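Trainee: Order-wise, the sequence lines are chains A and B.
Number 412 marks the last residue of the first sequence (this note's numbering); no jumps.
Number 412 marks the last residue of the second sequence (this note's numbering); no jumps.
These are computed hints drawn from the structure, not numbers from a lab.
Among the clues, some could well be false.
[As the list claims (entries may be wrong)] So these bits of chain A aren't anywhere near chain B, every CB distance computed over 12 Å:
{"id": "1", "residue": "101"}
{"id": "2", "residue": "176"}
{"id": "3", "residue": "185"}
{"id": "4", "residue": "193"}
{"id": "5", "residue": "197"}
{"id": "6", "residue": "222"}
{"id": "7", "residue": "290"}
{"id": "8", "residue": "379"}
{"id": "9", "residue": "394"}
[What the hints assert, rightly or not] Residues from chain A shown here face chain B by an in silico Cβ test under 8 Å; the list is partial:
{"id": "10", "residue": "68"}
{"id": "11", "residue": "77"}
{"id": "12", "residue": "88"}
{"id": "13", "residue": "89"}
{"id": "14", "residue": "92"}
{"id": "15", "residue": "108"}
{"id": "16", "residue": "305"}
{"id": "17", "residue": "308"}
Just so you know, these numbers come straight off a predicted model, no measurement behind them.
C-beta: ideal position from N, C-alpha, C; glycine also.
2 protein chains.
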Amino acid sequence: MDKMGKLKDIVVMKFGGSSVADADKIRKVADRVIEFTGEGKQVVVTVSAMGDTTDRLIELAGSVSSDPSRREMDMLLSTGEQVSIAMLSLALQEKGRGCVSLTGIQAGIFTDDAYSDAKILNIRPERIFKELKKGNIVVIAGFQGVNSEGDITTLGRGGSDTTAVAIAAALKAEYCEIYTDVDGVYSTDPNIVQKAVKLNALSYNEMLELASSGARVLHLRAVEFAKKHNVVLHVRSSFNKNEGTWVMDEKAIEEKMERPLITGVTSDTNQVKISVFGLADRPGVAADLFGKFAENNINIDLIVQNVSEKGIAAISFTIKNEDLSLARKVLEVLGSESIAVDPDIAKVSIVGAGMQTHPGVASRMFRILADRDINIEMISTSPIRISCVIRKPRVRDAVKALHSGFDIEE
Amino acid sequence: MDKMGKLKDIVVMKFGGSSVADADKIRKVADRVIEFTGEGKQVVVTVSAMGDTTDRLIELAGSVSSDPSRREMDMLLSTGEQVSIAMLSLALQEKGRGCVSLTGIQAGIFTDDAYSDAKILNIRPERIFKELKKGNIVVIAGFQGVNSEGDITTLGRGGSDTTAVAIAAALKAEYCEIYTDVDGVYSTDPNIVQKAVKLNALSYNEMLELASSGARVLHLRAVEFAKKHNVVLHVRSSFNKNEGTWVMDEKAIEEKMERPLITGVTSDTNQVKISVFGLADRPGVAADLFGKFAENNINIDLIVQNVSEKGIAAISFTIKNEDLSLARKVLEVLGSESIAVDPDIAKVSIVGAGMQTHPGVASRMFRILADRDINIEMISTSPIRISCVIRKPRVRDAVKALHSGFDIEE
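Okay, chain A solo, but in the shape it has when bound (with noise of 0.2 Å):
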């Protein structure tokens, strides 16, 4: 607080579990937060459960119950943030520092029914507000909210993310620091590409297209919370100082810097191809069928529509390799006369904002797969992606060609 008594620039920082994984580390992040302070910001930040607590929670509940009930299970999640919590406030408290925890409902996060996976409705950071005025450091639980009941509810897989990006749009922070184990965002997966670059800056939309396509540095949903509220975010290493890889508005980064064509490569070896034989060739097949898809939780990636001469439609598409047995069920009771699954399918993605403006980048995509013999199953694009399906064994051919043959190494 300045002598008028107003806020300082608020960051907040966000640390994933392994970053808080035991006493040590914790003690780490708390010099890290620390340092943060000592340049004039008011900090708040959020955590994961330390480690692998979130794991051995599920064990402990399937010890007792063979489905355990979703409002329950974010009953007993919820701890594991609420003990990381303690955890760091204790350490930071213990290097002289003022310094409160919070939990989802303390700091206010609103959310929806959802158990299990929930999503922030609205944040009233009243709270968080005061105690920042009394120049603590707020540590606030990651991952969790309340319903209108009162519940305790989880934001579903990475919502530390969700979490301590909907908490800086709520307080109108300055940017929001995701600390995580690599340097930031790779133009590819440096275990493909030895030349992988590290981006300095993406637009949302890229960010969106690369978590979407393969990506896991960040969450889907964090990134769209970002965009939805222009929240500046800065994806970095916990465990050493260097800049990371900034997500900001299009226009921001332009003002800055000339973009690439093409900014990142993606891969997903994580899908399965399904082929569905035998629908009739009539309006509202493909309704039918992924309506009742969505109505399960099954996301459906690709999609190809054949119609054979008897006027009998072929549909192929994909899907992630965990909702295979679900989706049978599904197509067993649509009476399908045969399906064919082949798992041997991967996913390579190129991204770029500056595809929009150039045209010709598919055909260039294509050429250089064509080029290594690599076959081409399955097409799709947004205005900033073109993604193919190809062969599993091939994937990481193809990221190394696209890598070097859109010319995004250094």
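Fit chain B to the given chain A structure using the hints.
Mentor: What follows is chain B alone, placed relative to chain A:
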């Protein structure tokens, strides 16, 4: 609920940490709860943290903090009970029962601001009633509440007993069952006297005197709460179905049975005697001394004041072992000339509502001890209790002699 839509008789059941230490024990508690619902009762359960969870969390806090703040400790420790309620609810649901878990906040347990040793101010049971009306078993986290700020507080040692009694009072429950690892309240410690008798019924005052003079089966504050709100308690074993000990209003007991002269014999070896010499013999000296002790939350038990011939006062009193180092500091500040600390003492007490109408109980007690050559160093009495401080090595002899001498044995 009966056909009129009214609630049936409500029973509150409380299970301690050892009763819910693992999955197997949690399933057994679930069976026990279900038996009660089978008897046409509406059941509310309160539970403590599983097994040694609380100790492990205290240890965890110690790994980052040398002097943990009480607020953050309450944030941390309250997760233990939250895990328990989720686990018991999952176990009950697995057995097909409608069940909902509630944290202290959700159950409407409002306390004062004394983190780690909070007192329940009032309970707003709307949510509990709502869930009971739906036909749910309600599982409530013991030991925790919420203050006016919305912060989590804990009730201190034995707090889960207090939660159970307070909930029973708020719901106007028929009675409150406290499950423990013994069959009920005994006339004395069965480890000392083999012929110790399980008591069928006790008045609140007798239970208070027993609890405050060494019996460990029920927490003092819980009994005080029960007395104030006239909550009938049933202390019984979680390992068998034997009738336990009922604790209720004196009149309710008198209507039921002939009362013995002496109900129980207790001992307390966790005391130390301090003698302070060289205080001026003027009015207010003792008040100053014990005022300072009260400020420092040191409870004085027995007190004896002697005036020496020179007009210099010597005061002797007993306190708990763990308060000794703090007491030394207080006495130093007060400038007492010299003090003597005697750790080799014990307190033995007899308790019984019957002694109010039977004079001569004290002299009979002193005679029994004298016959065994047990010297009495300090004496204190209440209308239904007489306590003597003796040498610690004689405490087992004293308990045996009194238990047999007052014909408590069967």
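Trainee: Verify that the Cβ of residue 197 of chain A lies farther than 12 Å from every Cβ atom of chain B, and report whether the claim holds or is violated.
Mentor: Non-interface label stands for residue 197 of chain A: nearest chain B Cβ at 41 Å, farther than 12 Å.
Trainee: Can the hint on residue 92 of chain A be confirmed by a CB-to-CB distance to chain B that is less than 8 Å?
Mentor: Since the shortest Cβ distance to chain B is 4 Å, the answer is holds.
Trainee: With 12 Å as the threshold, tell me whether residue 193 of chain A passes as away from chain B on beta-carbon distances.
Mentor: With a cut-off of 12 Å, residue 193 of chain A remains clear of chain B, as the shortest Cβ separation is near 34 Å.
Trainee: Take the shortest C-beta to C-beta distance between residue 88 of chain A and chain B; is it under 8 Å?
Mentor: Holds. Min distance 4 Å.
Trainee: Would you say residue 101 of chain A is clear of chain B, with no C-beta pair closer than or equal to 12 Å?
Mentor: Per Cβ check, residue 101 of chain A is inside 12 Å of chain B; nearest 8 Å; violated.
Trainee: Confirm or reject: residue 379 of chain A is not an interface residue toward chain B, with every Cβ-Cβ distance exceeding 12 Å.
Mentor: Per Cβ check, residue 379 of chain A is outside 12 Å of chain B; nearest 44 Å; holds.
Trainee: Given a cut of 8 Å on the nearest C-beta pair, is the interface hint for residue 89 of chain A held or broken against chain B?
Mentor: holds, 6 Å
Trainee: Was residue 222 of chain A rightly flagged as not at the interface, with every chain B Cβ beyond 12 Å?
Mentor: holds, 28 Å
Trainee: Would the stated hint for residue 308 of chain A survive a check requiring a Cβ distance to chain B of less than 8 Å?
Mentor: violated, 47 Å
Trainee: May I ask you to check that residue 290 of chain A keeps its beta-carbon over 12 Å from the closest beta-carbon of chain B?
Mentor: holds, 35 Å
Trainee: So, as I understand it, the hint says residue 108 of chain A touches chain B; can you test that by seeing if any CB pair is closer than 8 Å?
Mentor: holds, 6 Å
Trainee: Going by Cβ atoms only, is residue 68 of chain A closer than 8 Å to chain B?
Mentor: It holds, given that the least Cβ distance between residue 68 of chain A and chain B is near 7 Å, below 8 Å.
Going through the hint list in order, the structure does not satisfy hints 1, 16, 17.
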